[in-house]
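Given next are the chains, with one letter for each unit.
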Amino acid sequence: MNPSQTRHNLMGIYTIWLRDVRRFVRDRPRMIGSLAQPTLFLLVLGTGLGHGLVKGTARAGGGEGYMAFIFPGIVAMTILFTSAFSAISVIWDREVGFLKEVLVAPVARWAVTVGKVLGGATVAVAQGCIMLLLAPLAGVSLGPVTLVTLLPVMFLVAFAMTAMGLAAAARMRSMQGFTVIMNFMVLPIFFLSGAMFPLEGLPTWMEVLVHADPLTYGVDALRGVTAGTFDRPPLADLGVMAAFGAGMLGLSVLAFSREG
Amino acid sequence: MTGPAATDADADAVDAVISARALARTFSAPGRTVEAVRGVDLTVRRGEIFGFLGPNGAGKTTTISMLCTLLRPTSGEARVAGHDVVTEPHEVRRNIGLVFQDPSLDERLTARENMVFHAMLYGVPRRLREERIETLLTLVSLAERADDLVRTFSGGMKRRLEIARGLLHRPALLFLDEPTLGLDPQTRNLMWEYILKLQQEHNITLFLTTHYMDEAEHCDRIAVMDQGRIIALDTPRALKAGVGHDRVEIDAPDAPAVGRHLKERYGVEARVNGAGLSFQVKDGAAFLPRLFAEPGLDIERVEVHRPTLEDVFLALTGKQIRDAAPDLFANIKAGARRGR
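If you read the sequences in order, they're chains A and B. At position 93 of the first sequence (counting the first as 1) the number is 93 in the working numbering, and the numbers step up by one without a gap. At position 40 of the second sequence (counting the first as 1) the number is 1040 in the working numbering, and the numbers step up by one without a gap.
Calculated directly from the structure, the hints in this document are not laboratory data. These numbers were taken from a predicted model, which means no experiment stands behind them. You can take every hint at face value.
Not the full set, but computed from the structure, chain A residues with beta-carbon under 10 Å of chain B:
(1) Ser4
(2) His8
(3) Met11
(4) Thr15
(5) Arg23
(6) Val96
(7) Phe98
(8) Leu103
(9) Val104
(10) Val107
Derived contacts from chain A toward chain B, CB cut-off under 10 Å, selection only:
(11) Gly12
(12) Arg19
(13) Arg22
(14) Gly97
(15) Val102
(16) Ala108
Some residues of chain B that are not near chain A, with every Cβ distance over 10 Å (derived):
(17) Leu1198
(18) Arg1221
(19) Pro1253
(20) Leu1297
Note that beta-carbon positions come from the ideal geometry of N, C-alpha and C, so glycine has one too.
Extracted from the complex, chain B is given alone in its bound form (with noise of 0.2 Å):
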C-alpha cells in the first residue's frame, strides 16, 4: 500500500472500520422471496460518527445485524474492526459494543452486576474489571445507583446503563440502534452530550441509526437506506446542498411588484401572499445580495430557510420521515407484554 498506485480507496480501507463489498441477504419464506438487502457497498472510517437513516422496512436492521455477526450474509463480504463476519464472528463481537433498540438489561440485577455479568462475558480481565466498571458508571452519572435493581430504573438510566456496558470491553465501533428512542427531549440532549462526550474520549466509531432528524445532524456522515439498498451517503451538509433549493421569503410593501421583477430578471416564480412572498432559489445566500443591489426594490425583511435533512429524506425516499418512524403501536404493544 506504500507504492504510487495506493489510490483514496485504498487509504480508506487502512482506516476503514466498516468495509462492506455488495453485501445482500434474502429471506425466503414458502412462496415468496424477500430481499431485504440488495448488495450494500460500505466504508466507515475509523473515529467517525457515521449514521444510518431509511424508512422502517429500508433493511437497515437487516445489514446492521450482518455487520454485528448476528445474521449471516446471501451473499458479499464484510470486514468489521478488520474481521471477517462470517469467518471470525467472535473476533467481530470482541470488538464491537451493540446498544438495541429495545432494552437487553436483567432487571433483577443490579447496574454493577449488569456490568460484570457483560465483562465476564467479553473476557475483560478481573484486574481490569472494578476500575471500568466505576469510571463508565460515574461518566454516564449513575455511579450513586450502582448497586440498585435496574428494575428501579427509569427508561433514560437504563439507556445510558446499556451505553456503558456497551462500551466496558473497550470496542473500536459501538453500534447504537435508535439510542434515544422513546425518551423525552430533555433526556435525549442529555444522552447526545453523554454519547459525545463518550466518542470524544474513547475516540470509537459511532454506527447509529434514528429517526430524529436534530441528531442526524451530529453524524459525521450519513447513508440514506431505500428497498435495501444505500441510496446517498455523503456528510450531512451535502446531502442538503444536493436537494437544491433554499427556500426564501421576503416581506416587500409592494409584494406583487417585487414578485413580477423576479419572473422578469431571474425568471424565479414566487408565491405573493398579501405583503409577503416566498420563492425557491438554489443558493439562498448568495442570491440576496444580488436582489439587494438593484435600484427601486423596496424590502422589508428576508428569511432564508436551508434545506433541512427532512427535505433530504423527502426527496430520496418520498417519504415523510415521520411516516417512517416506528411503529409506535408496536412499542406500545411490547411494553405491555413486558409489563406483566
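Chain A with its partners taken away, still in its complex shape (with noise of 0.2 Å):
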C-alpha cells in the first residue's frame, strides 16, 4: 500500500472517530442516561446485597465490602452496555443512508471499520470514568497511579466489547433486531462475568460458562487494578481480551468489506 493511501486511511479512522465521539459529547440526555442504569445496580444493589450477605464469604466480604467488591464490576457493566450498544449508530446510518457516504469513500473499510470501534470504545471509557467518580461512596479510593493503569485496561475491554458490537451491527439491516439480539447477548455476559458475585465454588456447569464469557477476563482485570488481586495473571485477562476484540474486530472488517 502506497504512503499516500496510508495517511488517508488514518485520516478516515480520524474522521469517523471524531464523528462519534462529537455526538456522543452532544447528546447529553443519552450520556445521563446510559449511566442512571449502572448508578443504580451499584447503590441499589450494592447496598441491598451487601447487607444481606453472610459475612465471611471469602472475598466479597459482605457488609460494605460488597459495595467495594462490585465496584470495577459495576466500570466494566457501564462499558459493557455504552460499547455494545453503540454499534447501533451503524444500522441507524445505513437507515438514513449516511452510512453510503463513507462506504463510497477513498479510504479502506479496514479503516472505516477501526475508525468506529475506536470510536465506540473512547465513548464507552469516558461512560466508565464517569462511574469512577462514584469510588469514594463504593467505599474505594483510587490513586493516580492505580487511575492511570485502570484507563488502558478499561480501553481494552471496551475495544472489545464494541467490536463484537459492530460484528453483530455489520451484519443487521433492523435496530429491533439489534436490540434483541444484544440484549440477549449482553445480560449473560455480564451476570456470568463475575461483576456482583466471587467466581468461586460454582456448579461446572456455570463455571464453563464463566470461563467462555469474554468480559470475565475483563472483570477480573479491573478488580485486579482496583483492589490489588487477580484471579488469574493480568497478561492472560488483557491476552484474552485483546485476542477476544481482535477476532470481532476481524468480523466487522470481513463484513464491512462485503457491503456494496
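Join these two chains into a complex; the hints should help.
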C-alpha cells in the first residue's frame, strides 16, 4: 500500500472517530441515561445485597465490602453496555443513508471499521470514567497510579466489546433486531462475568460458561487493578480480551468489506 | 496516439472520463441468475452532461454502481477518470462525486459539519477546506444556514447540500442519481440552475439518471438502457430525429378535401375530425411549405409537433416513461421508515 493511501486511511479513522465522539458530547440525555442503570446497580443492589450477605463469603466480604467488590464490575458493566450498543449507530446510519457516504469514500473498509470501533470504545471509556467518580461512595480509593493503570485496561475492555457489537451490527438491517440480539448477548455476558459475585465454588456448568465469557477476564483485570488481587495472571486477562477484540474486529472488517 | 493511424475512437479515449468495454454483471441467487447488465460499451467525454435513461430494472443502478466501484463487474472493464474501477478503486473514488437518489447526510450534524466530514474523508487539505466549503455553500445558497442542523432542512435544501458536498473534493466527474426526484417543479428548476451553473464554473462532467424528460433535454448526450443493454446513445436531437415522424395538425374549412389531397398527392393517411385533421410526416417543417405552395388548398392554421424524448423512450423500449417511474409507494414506505 502506498504512503498516500496509508495517510488517507489514518485520516479516515480519525474522521470517523471524531464524528462519534462529537455526537456523544452533544447528546447529553444519552450520556446521563446510560449512566443511570449502573448507578442504580451499584447503589441499590450494592447496598441491599451487601447487607443481606452473610459475613465471611471469601472475597465478597459482605456488608460495606460488597459495594467495593462490585465497583469494578459496575465499571465493566457501564463499558459493556455503552460499547455493545454503540454499534447501533451503524444500523441507524445505514437506514438514513449516511453509511453510503462513508462506504464510497476513498478510505479502506478496515480503516472505516477501526475508526468505528475506536469511536465507540472512546465513548465507553468516557462513560466508565464518569462512573469512577462514584468510587468514594463505594468505599474504593483510587490513587493516581491506579487510575493511570486503569485507563488502558478499561480501553481494552471497551475495544473488545465495541468490536463485538459492530460484528453483530455489520450484518443486521433493523434496529429492533439488533437491540433484541444485543440484550440476548449482553445480559449473560454481564451476569457470568463475576461482576456481581465472586467466581468461587460454582457448579461445573456455570464454571464452563464463566470461562467462556470474554468479560470475565476484563472484570478480573479491572478488579485486579483496583483491589490488587487477580484471579489469574494479569497478562492472561489482557491477552484474552485483546484476542477476543481482534477476532471481533476481523469479523467486522470482513462484513463491511463485503457491503456494497 | 500522434501517428496518422490515430482514429476518432482514440481521440475519444484520450478525452474520456468514463470508458467502459463489455461491462457486465450477473447476480446469482439460489436457483436462478439474473443478468442485470449484459455488456455495456460507453464513453463519456470530459465536460459533457451525460444522461442515463431507462425503465426500472434496466440495469442503470447496477451500471452506475460498477462505475462508482461499489460493485465489481462480473466481466468487462471500465476506467473512470483514468483509473481502473477494479484495481484502483480508491483512485476512482477520489475523482468522482456522488449524489445519491436517497439522502446520505448526517441530519444530526450541521451543514458545515457534514461538509467538513466529507472534506476529511476525501483528504482535502485543511487550509483549503474552509474557503471551499464557504464558496460551495454560497453557490447553492446555503451559506446562511451553514451552522443549522441538517434535520431542519427542506428536501430541496438537503439535495443542494449533497450536490455541494459532492463537489467538495473537486471531482472530475459528478454522478447524480435522480437529482430532482421528489422535489416540486419550482425547486426542480432551481436545482437545474444550480447544476448547470456548477457544471460551467467547475467544468466538470455530469453523469445523471432521471425520469423527467424535460430534464433529459439538458443533456449533451443520452444513453437509453433496457434489459441490461444500451439500446440507443446520441444527442437528444438525434434521438428524436431517429424516431422519425412529426405530427402535423391542420385546421381547414374543407378538411376532408385536404385529406383527400394528401392521400392522392403524397400517400399520407390523415385523420379528419370536423374542421381539423392530423397526420404524420417525416419532416413537418420541410413538408408544410410544399403543401402551402400548392394552389387551391384553403388552410387556416397549422401546428407541427416534433417528437419528444417521451416518444423516443416509447419507441425504443415500448414503455411509457410513466410506467418506468420509480415505485412511489416504495419511497413513501422508505420515508415512513426514516421518519420513525
